[in-house]
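Enquirer: The residues making up each chain are set out below.
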Amino acid sequence: MITYKPENHLSLLAKVEAFAGDRLLGREEKSHYHQFKVRGQDAKSLIQFLRDEPGLGFEMFIDLTAVDYLRYPIAQPERFAVITTLLSPTLGIRVQVKAFVAEGDPRLPSLSDLYLGANWTEREVWDLYGIEFMGHPDLKRILMPDDYEGHPLRKDYPLRGRGERGNFPVYHATTQKPQGGV
Amino acid sequence: MYSYEKEIVERDENTVHMNVGPSHPAMHGTLRVKMEVKGERIMNTEQEIGFLHTGFEKLGEHRSYNQFITLTDRLNYFSPLSNNIGFALASEELLGITVPRRCQVIRTILAEMSRLADHSLCVGAMTMDLGAFTSILWTFVEREKLYDVFEAVTGTRLTSSYTRVGGLAFDLPADFEKRVTAILDSMEKTLDNLRGSFYKNRIFLDRTEGIGVITKEDAMSYGITGPMARASGVPYDIRTFRPYMIYNELKFEVPLYKEGDTLARYKIRIDEMAESISLVRQAMKLLEPGPINFEDQKRTLPDKTSTYGDMESLIHHFKLVMPGNDHGIHPPVSDIYSATEAPNGELGWHLVSDGTSNPYRVRIRPPSFINYPVLKQLLKGSMLADLVAILGSFNIIAGELDR
Amino acid sequence: MGVTGTTNDWATTTLETAVNWARANSLWPMPFGTACCGIEMMAAFMAKYDTARFGSEVMKFSPRQSDLLIVSGRISLKMMPVLQRIWEQMPEPKWCISMGACASSGGVFDTYTLIQGVDQFIPVDAYMPGCPPRPEAFLDALMMVQEKAKKGQAKSQEYVSADASSDPAKSVAYRTPDTHYRHGMDRSTPSREKSGG
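Chains as they are written, first to last, in the numbering used here: chain A, 80 to 261; chain B, 862 to 1264; chain C, 14 to 210.
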């Protein structure tokens, strides 16, 4: 079974810092994993390095999601962050890559050719946050209807929507007044 | 690795478009699969989801941590207690709380019992989809008994909302041990029945053996976890990867299969149920009297009886449940990823806190959503009838898939 | 049963009553189970609660063969057109049960994607409170629909004034049942007169 090996964090840190150098905006130590912060355009090369570098082997995709830092109390490099979580079966550790994406041009390279699981999760992030993944084979809405407007998980989108949920035809029985009868 | 870009579909005049779902008996809720079929052979598929998109993640930003526990019931409604426990653990990790031992033991027992409930419905529904109606009646009888225990413990059959941040809603009922022992015995008999009826059943084996094979590499690349991954030989289980609650004190073998086909996914669920029965039995022996809630009443709701009984607890209760930023639990400004082994796989919670009483962002990493996309590649070139067999073995739960 | 007189070996009734009685005791449900309530609905169909006792164990997933729509679970923006299509396909007379808080009012989910009560858009005969309701509540709602069917009533055939039906904002009119009128064998219904005439 794959077990958690905290001692492997050191070799991971050394390798990532040697590879990324200045491109690393920062890193944070969490309860059982490290989080590396990079810019959106650098994320893919770092993740490819994490997957393909001998001795790292982050082959298992865990999660890809996004956060909108519009109203966050602490200033962040950009408004959006795309967070990818990976697991290395050989090292027995998880890692997170946080890629910051600008509000005006929310785009970053797609991971769908590195991990099969990125296909749907990226579509979800596009659907709910409007962050575009360049090179994605089939980037379209996944949870919301195709003709939906807006990206509902953004912080400036109202919780109760913009009136879409009341916008359906009303099915009724008859508008002809019954004659006689009860 | 499977390539989506190299998909070439040879269409001719015999190619027929076929649509299954979203309201279809074999679609387990609200899934929709659009297919191009040539005769009985599936040439290409497209899965459409989102028919049950509820906005959990958006709603989580507008609810406090304890309020969100109520919503987690509705995620995976086959095993709501697993979601409750997963979210409570994640928010406790964010707050830096460790709950008392009795609480951990109770949570472990209930997590394993909800695994029993989830797997029993899955194996029953899967065999029902393949034409064996009796087995779902057997497993539902067991589920009803489990419901009775959940009702005695939590007050409801299905949507339990039993955990709180830093503890539990209330302690176990007096006759808990007696009720659980009775269930485990009858559950074992049902497992024997299920093994006896299907493991050597020629019809069942023909429909499942070698059907829908997921390779180990694909499983890891998709991020498939839980029984589906372990049926494909991925030795990953968060209970052993990073043991939480009291799993490091319990002896258990995580079942592992190499085949990766539908039959292996069926067998692994049966084996896991047997393991869960043994885990519950072991954990029951560790159940000792003691407090169930974290002692700091600034972060944990006080016991209900003392809320009604003494002044101080009442004040603490009000301070925690009142809306507004001056009240409630205030975790440090940070973000964490915490995961538990839910019946379907890794149930991850990515919580971002901005220091207020509501989470800034609640990301739910649902096992179903990550496990489901592989269906497209499995169906390519297989027979139409395999769809229900493969899908049944996935145990996709729409509430969790679409959130 | 609307039997007007019985002794040992004879009974009189109207044809309408007999048909309604037969309909009420063989409701064929179209289970539209989407979420948690769907699981409780399944529990109601299984061995312990057994809706076969009420003559409605035949779960027909084809709307054209069923006359009782059970909306059990939350209905999202994407699902509502599907639900309406299914409702449209069901033959008259038809009844609808809105099972659980989400289908009846949106429940705890007051979000951008969730329909706040299916009764805004399709007629509902029986509401079931609970999140999710117990199987007993399901059986209770089923019996309520049976009572309605015996009387020849159905929300789907109720009169709605023209302005109320054309304006979605006024669809609240559905929630207050007023005049019922008979359907089925009743020859006084306007639609029958027209098609027959």
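Careful, some of the hints might be misleading.
Quick list of in silico lysine to aspartate or glutamate cross-link-like pairs, EDC-like style, CA-CA up to 20 angstroms [stated by the list, open to error]: (1) Lys1237(B) - Glu871(B); (2) Lys1077(B) - Asp225(A); (3) Lys895(B) - Asp225(A).
These are calculated hints, taken from the structure and not from any lab test.
Just so it is clear, the structure is predicted and the values come from calculations on it, not from any experiment.
Enquirer: Determine for every hint whether it applies to the structure shown.
Expert: Consistency of the hints with the structure:
1. Lys1237(B) - Glu871(B): Satisfied, since the Cα-Cα distance of roughly 16 angstroms is no more than 20 angstroms.
2. Lys1077(B) - Asp225(A): Between Lys1077(B) and Asp225(A) the Cα gap is close to 34 angstroms, so the pair fails against 20 angstroms, i.e. violated.
3. Lys895(B) - Asp225(A): Between Lys895(B) and Asp225(A) the Cα gap is close to 16 angstroms, so the pair holds against 20 angstroms.
The earlier numbered hint that this structure contradicts is number 2, and it is the only one.
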